[in-house]
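Kindly generate the complete structure, drawing on both the sequences and the hints.
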Amino acid sequence: MKHFLMTRRLLGAAVLSALLAALTFIPVQAATPKDTLVVVFAFDDIITMDPAEAFEISAGEIMGNTYDRLVRFDVSDPSKLYGDVANGWTVSPDGKTFSFDLKPGLKFASGNALTAEDVVFSLQRAVLLDKTPAFILTQFGFSKSNVKDRIKQTGPLTLTIETDKSFAPSFVLNCLTANVAAIVDKKLVLSKEQNNDLGYGWLKTSYAGSGPLKLREWRANEIVALERNDNYYGEKAKLARVIYRHVKEAATQRLLLEKADADVARNLTPQDLAALAGNKDIKTTSTPKGTVYYFSLNQKNPTLAKAEVREAFKWLVDYAAIGDTLIKNIGVVHQNFLPVGLLGASTENPYKLDVDKAKALLAKAGVPNGFKVTVDMRTVQPVQGITEAFQQTAKRAGIDVEILPGDGKQTLTKYRARTHDIYIGQWGADYWDPHTNADTFARNPDNADDAKSKPLAWRNSWVIPELTKKADAAVLERDAAKRKAMYEEMQADFRKNSPFVMLYQQTEVAAMRSDVEGLKLGPTSDSTYMFKVSKK
Amino acid sequence: MDPGPPQRDPIPADVRGDLRLLRASNVLGRFLVVILLTYVGLLAVTFFIGRVIPIDPVLAIVGDRAPEHVVARVREELGLNKPLWEQFYIYVSKVLQGDFGTSVLTSNPVMQDIRRAFPATFELATLGIVIGAGIGVPLGVWAAVRRGGVVDQVVRVMGLIGYSIPIFWLGLMALVVFYARLGWVAGPGRIDVVYEYTLVSVTGLLLLDTARAGEWQAFANAMSHLILPASLLGYFSLAYISRMTRSFMLNELAQEYVVAARAKGLSETRIIWRHALRNAMVPLVTVIALSYGGLLEGSVLTETVFAWPGLGLYLTNSLQNADMNAVLGATIVVGSIFIGLNLLADLLYQTLDPRTRAIKRAR
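Heads up: the sequence lines are chains V and H, in that order. The first sequence runs 173 to 708 under this note's numbering. The second sequence runs 1424 to 1786 under this note's numbering.
These are calculated hints, taken from the structure and not from any lab test. Heads up, some of the hints might be wrong.
[To be verified] Which chain V residues stay away from chain H? Per the calculated CB distances, all over 10 Å, these:
#1 288
#2 296
#3 364
#4 410
#5 443
#6 478
#7 535
[What the hints assert, rightly or not] With a Cα cut of at most 25 Å, we get these calculated SDA-like pairs of lysine to any residue:
#8 V:455 / H:1595
#9 V:337 / H:1492
#10 V:586 / H:1505
#11 V:626 / H:1486
#12 V:206 / H:1619
#13 V:275 / V:324
#14 V:626 / V:647
#15 V:586 / V:621
#16 V:455 / H:1617
#17 H:1517 / V:369
#18 V:376 / H:1535
#19 V:376 / H:1479
#20 V:586 / H:1492
#21 V:420 / V:229
#22 V:376 / H:1624
#23 V:337 / V:266
#24 V:376 / H:1500
#25 V:708 / H:1619
All C-beta atoms, glycine included, are put in the ideal place defined by N, C-alpha and C.
Now the structure itself:
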């Protein structure tokens, strides 16, 4: 019996000490500091802080808050542009030369003066480094050899940019709102240069901007800390600090928000949002984003290449059910390649679930009893739910859909190699102009395996010389009304004939504590402005 | 008359000393060879698996939108055009010079990343194993002593639950109860944002850093963040450790020396804790050391739920993006931990039981 008492005593001591430990460390229930905004956000996509290279969604937001550019678009009406560091601009009669003059007395966060020299250096640097987003600039005919002649300083505060064709002016200016055109501090960046790398090695993890907030620190997968930049030319940021904390799990984000350990949660699921709806301490804001989701049918598969089969698939998705459940609050059914908000975006959604119509089309295509086909799918929601729903509806028309689940990079690798049957994907606008999506969905200049450019149309081996011509013509159309009509026509053609089953346009939702004010999510990742946010 | 085994010439004392030295260096040499082979094997397997997984490593760097010429350039920069064996050779020779390369995801040297991620995991794992072994061993002993009784059943069920409930779910539930509802502990993350920029990181171990600086409020805050995930990991290792303790103890309690001790009139407490447990400790040390190793690898799911920037998350994230320098670097670290802990267990083994070899032979 003694040993029993002994062990019990020991165990008792253990439990007691555990309890005591827990009680001793009861945290002070403080909300986040008054002058700091704490944002919980899954930002494991960030791989660089150099605006000439940054192209990931989360990085875009940091760039938008910390770097200035020549022009920005109005977040409430993206068709309106305004000068950021530019005071104004003119376009030559032939439409090829854009002249900018800058606001006087601008300063970088470092204290260095911001002049035309910095702007020219930054644009040239992006072209010379030639990282992923450089194509946004090089599509205007800049190359490593000619960029020094095409982008020129003409005075302390003036510069000109010369394109190779007379593009629609809105197209050129829209591209200049992108992060790749952000202005870096020439003096600072060059002082960190190593082996003629234009400061690339250093800027990857550092900061050299002039935006309303400055980057204090980026610890990958952990924290991004921004601070007010007192040298900013415009209205100063309302809060002293904005801290992004990497929290991957949505349920964890929700707990932190509910306990007021976070002010804003960015990656909640529809279920979380529904559960928070009754909480009076929490409100939400949402904005349609430039991201569209789709199924695409590889035209290398002879069955999927039949026009009737392509159309049949468009009648085999239960758009209404998906809209009401799987993407409730986080998306809106949308059957066009241009997301709403871009010039010329169509809102026509002619397709609905109609199994009989699909069956008739399949019979016409010579496959009345259906066939077997695979779908490569990333195992994330709502993609997974949508694919499973599609598997059920397709079965009703006799199509046996096998789902091949995988990690994002894995399915993407296969998609890019064109070895899929069907792929469920998403595409976000690279810059705020319709050409960004027309370029990928409706252009395929060369369908060869070793083509120089491999847009989404190429990835699905969709050969479209006519549509490609139309897309090329649309970027050169300088009359806005005519340009708009051209995109509308392309979308009508695309809806009917393309191997893309367009599903929905993403709505981004942020949930925040009720004392947070002024947070508006932008249509692009780089137009969510945290410097406008305040706390009551 | 049987002459018996032929007598060997007695060895002079000085030669005997030399022989002992020779044997010791032999053992050491063999040991080093084993370690070296382990590392080479570890590197080779990780390297080649990394190259055959169906993920294009270039994709992680340039993203989905990069023009073809950028993709091709980066592929060449990474040396991915070279034959596999040549890539491996280049990698290994760089590692031998102490260069583990740069992670493409974080833009930092891999070892710098690991120096940051590892302390987070180390703190969690150490507290976890202290809880796991500190409670698991007495529980296991108790269950063995009261075999078939209520206590044994309770421990068994606890162990079963520990094995079968997904840690992910249990972690979230623990957060909901102890953080959200009761407010006993701080939430996910290592420390409150308030302290984020007031602390100077020396060791990367928050408890140590805050204590060194005398920042007791920050220390309490870090502890409060740590206690829940550590208890969770502790519980899972407890489940395993208590089961193993029970079975080792049952084995010991059935030995003749226990009967002899009882016959001698020793108290039951003394028999259990001083004699049986001491002997059971020998294999138990290995169990605990390996559990600790498992925790030090980083628990991906726990780290995800608790937004804990540790080694497990780092490794998983790198693997998903085919960031091979990071994966290889982290693998070497994890491998070293296991080799180190195995070595430690072996040493403890011999300290605890000088007759280890004899026992092995008898069995």
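Going through the hints against the structure:
no., hint, verdict
1, 288, "28 Å, holds"
2, 296, "18 Å, holds"
3, 364, "14 Å, holds"
4, 410, "18 Å, holds"
5, 443, "13 Å, holds"
6, 478, "28 Å, holds"
7, 535, "37 Å, holds"
8, V:455 / H:1595, "23 Å, holds"
9, V:337 / H:1492, "23 Å, holds"
10, V:586 / H:1505, "22 Å, holds"
11, V:626 / H:1486, "13 Å, holds"
12, V:206 / H:1619, "15 Å, holds"
13, V:275 / V:324, "17 Å, holds"
14, V:626 / V:647, "19 Å, holds"
15, V:586 / V:621, "14 Å, holds"
16, V:455 / H:1617, "24 Å, holds"
17, H:1517 / V:369, "23 Å, holds"
18, V:376 / H:1535, "15 Å, holds"
19, V:376 / H:1479, "22 Å, holds"
20, V:586 / H:1492, "19 Å, holds"
21, V:420 / V:229, "15 Å, holds"
22, V:376 / H:1624, "22 Å, holds"
23, V:337 / V:266, "9 Å, holds"
24, V:376 / H:1500, "17 Å, holds"
25, V:708 / H:1619, "23 Å, holds"
Violated hints for the displayed structure: none, as all numbered hints are satisfied.
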